[in-house]
Amino acid sequence: MTLLRLIRIAGQRLRSIARPSRLDADLERELAIHFDQLVLENLAAGMPPAEARRAARRTLGNVASLTEECRDTRGVNWLRDLRQDVVYGVRMLVKHPAFTAVAVLSLAIGIGANTAILGVVQSVLIDDLPLPDADRLVVIRSVPLANPAQVSGASLLEIFAWRDRSRAFDAIEVSIAGPRDLGADNGTPADRITGQSVTAGWFATFGAQALLGRVLTQADNHPGSDALVISQRLWESRYGADPGILNRRIRVGGTQMTIVGVMSRDFRFSDPRVDCWVPLYLLPNQTAGGARFFGVTARLKPGVTVDRAQADLNGIAAQLAQERPELQAGWGVRVRPLGEALFGWAKEPLLTLWVAAALVLLIACANVGGLLLSRASARRREIALRVSLGAGRARIVRQLVTESVLLSLAGGVLGLLVAWWGIRGLMALTPPIGLPFIAGVGFDVRVLAAAAALSFASALVFGVGPAFAASHLNPILPLKEPDPAAAHGDRQLARTALVSAQLALALILLIGTGLLANSFLRLSRRDLNFDPSGLLTFEFRVPVAQRPIGQHRGFTYFEMDVPPSQTMKRVLERLRAVPGADSVAAISFQPVNSLILPVMDVILEHQMAPQRDGAPRSRAAAYFLITPGLFHTIRTPLLRGRDIDNRDTAQTPWVAIVNETAARRFWGDADPIGRRFTLDSVPEEQPREVIGVVKDIPTRHGQIDPQPVIYASYLQQPLRYRGPWAGMFGQMTFMVRHAGDVRGLIAAARSAVAEIEPNRPIDTIMTAQQRLNFGRERLRYRVFLVGTLAATAAVLAAIGVYGMLAYAVSQRTREIGIRKALGASTLELILLVGRRAVVLTAAGLTAGCVGALALTRLIESQLWGITATDPATYVSVSLVLVVVAFLACLGPTRQALAIDPTLALRRD
Amino acid sequence: MPKPADLLQGTLDLLILRTLAREPVHGWGISKRIQQLSGDVLAVGQGSLYPALHRLENQGWITSEWKGSDLGRSAKFYSLTKEGRQQLERELENWKRLSVAVGLVIKRA
Chain C
1 MTLLRLIRIA GQRLRSIARP SRLDADLERE LAIHFDQLVL ENLAAGMPPA
51 EARRAARRTL GNVASLTEEC RDTRGVNWLR DLRQDVVYGV RMLVKHPAFT
101 AVAVLSLAIG IGANTAILGV VQSVLIDDLP LPDADRLVVI RSVPLANPAQ
151 VSGASLLEIF AWRDRSRAFD AIEVSIAGPR DLGADNGTPA DRITGQSVTA
201 GWFATFGAQA LLGRVLTQAD NHPGSDALVI SQRLWESRYG ADPGILNRRI
251 RVGGTQMTIV GVMSRDFRFS DPRVDCWVPL YLLPNQTAGG ARFFGVTARL
301 KPGVTVDRAQ ADLNGIAAQL AQERPELQAG WGVRVRPLGE ALFGWAKEPL
351 LTLWVAAALV LLIACANVGG LLLSRASARR REIALRVSLG AGRARIVRQL
401 VTESVLLSLA GGVLGLLVAW WGIRGLMALT PPIGLPFIAG VGFDVRVLAA
451 AAALSFASAL VFGVGPAFAA SHLNPILPLK EPDPAAAHGD RQLARTALVS
501 AQLALALILL IGTGLLANSF LRLSRRDLNF DPSGLLTFEF RVPVAQRPIG
551 QHRGFTYFEM DVPPSQTMKR VLERLRAVPG ADSVAAISFQ PVNSLILPVM
601 DVILEHQMAP QRDGAPRSRA AAYFLITPGL FHTIRTPLLR GRDIDNRDTA
651 QTPWVAIVNE TAARRFWGDA DPIGRRFTLD SVPEEQPREV IGVVKDIPTR
701 HGQIDPQPVI YASYLQQPLR YRGPWAGMFG QMTFMVRHAG DVRGLIAAAR
751 SAVAEIEPNR PIDTIMTAQQ RLNFGRERLR YRVFLVGTLA ATAAVLAAIG
801 VYGMLAYAVS QRTREIGIRK ALGASTLELI LLVGRRAVVL TAAGLTAGCV
851 GALALTRLIE SQLWGITATD PATYVSVSLV LVVVAFLACL GPTRQALAID
901 PTLALRRD
Chain X
909 MPKPADLLQG TLDLLILRTL AREPVHGWGI SKRIQQLSGD VLAVGQGSLY
959 PALHRLENQG WITSEWKGSD LGRSAKFYSL TKEGRQQLER ELENWKRLSV
1009 AVGLVIKRA
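As given, the protein sequences belong to chains C and X, one line each in that order. FYI, the numbering for the first sequence is 1 to 908, going by the working numbering. FYI, the numbering for the second sequence is 909 to 1017, going by the working numbering.
Treat the hints with care, as some may be off.
[Claimed, not checked] Under the rule of at most 16 Å between Cα atoms (straight-line distance), these lysine to aspartate or glutamate pairs were calculated in the EDC-like manner:
1) X/Lys940 to C/Glu41
2) C/Lys301 to C/Glu382
3) X/Lys984 to X/Glu973
4) X/Lys984 to C/Glu28
5) X/Lys984 to C/Asp26
6) C/Lys569 to C/Asp648
7) X/Lys984 to C/Asp36
8) X/Lys990 to X/Asp948
9) X/Lys984 to X/Asp948
10) X/Lys984 to C/Asp24
11) C/Lys569 to C/Asp645
12) C/Lys347 to C/Asp705
13) X/Lys975 to C/Asp26
14) C/Lys695 to C/Asp643
15) C/Lys301 to C/Asp135
16) C/Lys95 to C/Asp307
17) C/Lys695 to C/Glu684
18) X/Lys940 to C/Asp135
19) X/Lys975 to X/Asp921
Source of the hints: derived by calculation from the structure; they are not laboratory data.
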């Protein structure tokens, strides 16, 4: 077919659609001319005028059908039919508002939830990151071979080995975040912010540009670089968005630095709390550090796959394990694409939600399908009438499917609202820690297309079956026989099956939710080994006046002018005098879920315990500074030895308390009390003697394996410190156990601290419970989302059960009436109605349990302290659904019992 | 008038296209011309003529235009499009093959 002809045909069609009346007028005129010519011809043949006209009319035949035949050639009849169907369908839907509302709402929830999740899955799991060479960017981490799930940062030793020995990478960039002290300047007070040290090529890896000025570049790759990039937030809050901010010199961590750029808050590859970036200069000889706390982002050489890079680094890890067994034995490497590293955590929750939403949509479809089936029965007369008036089966099916599509489109439009809300909800799943960054999730064409596709697909799923069922009518029966009681058993069967399927799907969802909720509760209630109730917490910081006095193994070497512990000691003593405070203590970072968790390498004085369980020979431990009385205040059981007390001062021998895990990991079965160790890479650090062992407080809320932890007195610290954790000396999280009114206590604590440091208010005042809840929010939110979907599913299933029984009762009104008249007992009537409910519920629950056994395996890894086949959850959730189904039966059963036999028999 | 058989319908298209090959003609003129040229053997009823014309137009083989006519008033003139001319060639070809085949069957049967 030539293009020209196509265009011509398209033009014709357009005319037919756009101006049918004009075409009709033309046609009428054309036929009138023909008629007039016939008349003229007849007159010429000698007929009288009236006879001539009559003859002409006879020749021309039925003008109406001729016109219709000509119109039919336009090829747009389907459009006319469609318009009719739509108008008729809308009329039908408006006439049955309850049916329409239930159908549209359930579809809206199903379509909306799926659309939202598809949108997020698309941009988070499928799309490439919006970065140049995104497919070549990888994140490299160290993993203990014995526990590959617990990935860790890389050590300098490893990073240098990779840089020197691997040929898989174009660039290997390193970063590390931690607190930084800003000096007072030009009226702005000293402050502590979160900063990130990054190597020279780090920003370039992400193709990042500064909002103002420049980012850090290779030009800053030298030990004396004083370039500083600040965040948009800091620029606005501290400097009032001063456009002349560039080249301003400020003191950061005791060093004069020059602001060279402002980073837009759209830059998402740092923790959102990072407020400044400083150059990290790695000296080539600093290969001693074994502590693993560096983030590594690398760009693969073109053509190198992730697998090849992984193999390359595996080889290097094996070499290192031989060269430096004391640091590297038992450690491997994991190379992951950047996108996966950023969003890998989201995969499981998203897929879980996706499955849940798909189940809800299926239930909604089954529900609407069931409603349509019973509607079809109610409309048997109408349909029979239309069939006897000559409507073809195809035409009937088309009409009914049009109604379904109308329903689902209405559901889809409403679903977009649900999706809008859902996408925002899913965005809130973004974790507070790490690299939160969801690339451009929003309402784009694809989301709309997904909603439209889902709408049509669901219309097909729920609409086509009932439409065909309805069109298979024998037109005679319904018109003759008014009471359809006995007929259409197979349709009843279809409905029963649909309702059972709804119950089964709902049960799967409910069991999944039950498992997640159960595990969430277990996690919330698990023994933290401290008592958060009645514990008020707040933070207090003293800017650490630090002078950099040189470099050692790559780290700036600081000297602290005034030991901050002296201020802390005065604050602590003053707080202990506050009325209402039963006991007061402090710890450098909150013990659970601290944003920053310093990890130190530990050198043991004695031989390490022989490996028994294949645990990594790691001698790294989380490190907290504490005041005396901490464990007493937070009620952590001391298993052996003694707590740190006032006898332990800077002048007495240095001591430490370890947790159970550290004791077991470092000294095995031997008694740890009296053993000595030294923190690596800290000059002036003295050997510490273990004086006590406390129970494990989990450092991370969701963490299953406890981590070794060392607690040391805040007074027994070196005056000089180098490394990333310099910030831990200037801050304490105070814990105040109290019995009475919290508000009064807060006010008293405020004024007490103000007496000592008038310019440094306490901040982040929360109860310990609030701090714990903080870390649970995300999990709680996930349970909430899945739970919402499951509740929706249960309600939909209940509507399904109710609708089916109510319909059955209304269809059997006469039968029930007769039975009643014949003296059937109430019990018999209940059984009559309820039998079907029992059968379908039993079938649904059985199918649901089988389905759940198969599907909950998907969430096994998200469960804590419970298996995916936990019988208690299965039984209790099934019972819940039985109750729901029972409640749904109540209405129809009461309706059946209330039937008046005399009225029922007189009906029709 | 009974509905023409398939053969006749295809033939009607051919006759219309052939009639329009020389010059644009209106509906009345087409029916008259086919009647005359066939020596009054073929009478195309309006019942098939107009649907055929509209179908051919909607298929893009012919176009139409209202203009002054010999009937003393403006009439709808149909004319062949370029594609319609090619279609006519194809239909003629078909017709020839068909009539030869029919002739052969009649002669040899």
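Q.
X/Lys984 and C/Asp26 were given as a pair; does the straight-line alpha-carbon distance stay at or below 16 Å?
A. holds, 8 Å
Q | Given hint X/Asp948 paired with X/Lys984 - CA-CA distance at most 16 Å | A | The given pair, whose Cα atoms are some 24 Å apart, is violated under the 16 Å limit.
Q. Straight-line Cα separation of X/Lys984 and C/Glu28 no greater than 16 Å?
A. holds, 11 Å
Q. X/Lys975 and C/Asp26: Cα distance at most 16 Å?
A. holds, 13 Å
Q: For the pair supplied as a hint, C/Lys95 and C/Asp307, confirm whether the alpha-carbon distance does not exceed 16 Å.
A: violated, 62 Å
Q) Is the straight-line distance between the alpha-carbon of C/Lys347 and that of C/Asp705 16 Å or less? A) violated, 22 Å
Q. Does the alpha-carbon distance linking X/Lys984 and X/Glu973 stay inside the 16 Å limit?
A. Holds. X/Lys984 to X/Glu973 sits at ~5 Å (cutoff 16 Å).
Q) Is the Cα-Cα distance between X/Lys975 and X/Asp921 16 Å or less? A) violated, 23 Å
Q | Pair hint outcome, X/Lys984 versus C/Asp36 [Cα-Cα no greater than 16 Å] | A | Satisfied, since the Cα-Cα distance of roughly 14 Å is no more than 16 Å.
Q) Under the criterion that the straight-line Cα-Cα distance not exceed 16 Å, is the pair X/Lys940, C/Asp135 satisfied? A) Answer violated: X/Lys940 to C/Asp135 is near 75 Å, above 16 Å.
Q. Does C/Glu382 lie within 16 Å of C/Lys301 when you go C-alpha to C-alpha?
A. Violated - the C-alpha atoms of C/Glu382 and C/Lys301 are around 71 Å apart, more than 16 Å.
Q. X/Lys990 and X/Asp948: Cα distance at most 16 Å?
A. violated, 30 Å
When the structure is compared with the earlier hints, violations turn up for hints 2, 8, 9, 12, 16, 17, 18, 19 and for no others.
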